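Chemist: Keeping their order, the protein sequence lines are chains E and B. So the first sequence is numbered by my numbering: it starts at 1 and just counts up by one. So the second sequence is numbered by my numbering: it starts at 1001 and just counts up by one.
If you're looking for bench data, these hints aren't it; they were derived computationally from the structure. Heads up, some of the hints might be wrong.
Here chain B is said to cover these stretches of chain E; the calculated rule only asks that three of the stretch's residues, wherever they fall, bring their Cβ under 8 Å from a Cβ of chain B [to be verified]:
id, segment
1, 30-40
2, 51-57
3, 88-96
Keep in mind it's a predicted model, so treat the numbers as computed, not measured. We put the beta carbon where it would ideally sit given N, CA and C, even for glycine.
Single-letter residue listing:
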Amino acid sequence: QTVVTQEPSLTVSPGGTVTLTCASSTGAVTSGYYPNWFQQKPGQAPRALIYSISNKHSWTPARFSGSLLGGKAALTLSGVQPEDEAEYYCLLYCGGAFWVFGGGTKLTVL
Amino acid sequence: EVQLVESGGGLVQPGGSLRLSCAASGFTFRSYWMSWVRQAPGKGLEWVANINQDGSAKYYVDSVKGRFTISRDNAKNSLYLQMNSLRAEDMAVYYCASWWKDSSGWSLVYWGQGTRVTVSS
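Same shape as in the complex, but just chain B (with noise of 0.2 Å):
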């Protein structure tokens, strides 16, 4: 059974850091493209960031480039957002969420539970 669990949000002011953490298990998560996406309170989902299998590319919304960054650790089966210089509109339940490819195309196709992030001060 695929699992992604997500761990390290909480509160911060504005300005602090946090590192979210996603441990995956079920699948071979070295294989996958991973991503983050947040949803702020009562909104819609946003992607943030994606990750390629080895770590080599990454991309990121405009909206979180220069202050997140993400990483993963494949001997560990984790992905890691890394998230400096917060903001109050970072404010989010952020999902660690992994992808799948086939002859079709892509699919963001499992995701965790997610972890919430409060920035306030």
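So that you can see chain E by itself, here it is in the shape it has in the complex (with noise of 0.2 Å):
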């Protein structure tokens, strides 16, 4: 079964750059995995941020931004504000059907 890597925890400071990533075990992670990225608060649902590498939703802040990097897919959030402190993870599609999230990365604004 395909294991789903993320940072387990990162710090930045408050108008900063973070970058999180997300790697499969099966080898790069390419379009056809079409990564997404998750935010969850304490005591809340996950909200959707980020589809398909790169797409956002309607209500995702615009300093979100997902892309490729070194075979991983990627979520960089930039100007950091300290609302952005959650826990956030990445979904890979497996095939068939079949869909791993990542462990998660707590993002703690410091």
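Assembling the complex is the task here: the two chains are given apart, and the hints tell you how they should meet.
Modeler: Structure follows, in structure tokens:
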């Protein structure tokens, strides 16, 4: 079974920039993995941010962007705000209608 | 406004059964793939199952195959998860979520607030 790996935790200063990554145990992440990114705050349901590498939803703040970086899916936050402190999850398509979440990255804004 | 409202969670003994429901509104339910996603206490998200628009295709994570059944009733705008032979490791908050597909790809776009399943004797 595919394992999807994210950084367990990252810390960023307010106004700074941080990049979260999402790797697949099967090899380089490509567009065919349709990488999705989600934000989850304590006690809340996840919220979709990015899909298919870099596509944003209408509610996704402009400071969030998605890309492929070095064989991984990446989520970059530019001009980080205190309210961006949350857990971030990626989701990858692994074929045959099967999907796998990454373990999540706890982002601290300090 | 899109709404997904889960229900049916609760306390069940190991080996027991539970049926979760998800009531959808605010979108054309019958046109979308749907999923169940779970989150064990203090843990990350885990995709559990997918079902296509007419219910003819269903997919499961290996750990629930043969024990869980996803289904839907498009006339009632409802999604279900029948969970049998429940184990301690199935204890989690279960989320119902809908897929969005466009020319760019797939998004697990809308989520309910979740229903909690506790497996304990």
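Chemist: Please go over all the hints and tell whether each is borne out by the structure.
Modeler: Status of each hint after checking the structure:
Check result for the segment 30-40 of chain E against chain B: holds, 5 residues qualifying (beta carbon to beta carbon below 8 Å, three or more required). Coverage of a stretch by a chain is defined here by at least three residues with a beta carbon nearer than 8 Å to that chain's beta carbons; for the segment 51-57 of chain E and chain B the count is 5, and the condition holds. Check result for the segment 88-96 of chain E against chain B: holds, 4 residues qualifying (beta carbon to beta carbon below 8 Å, three or more required).
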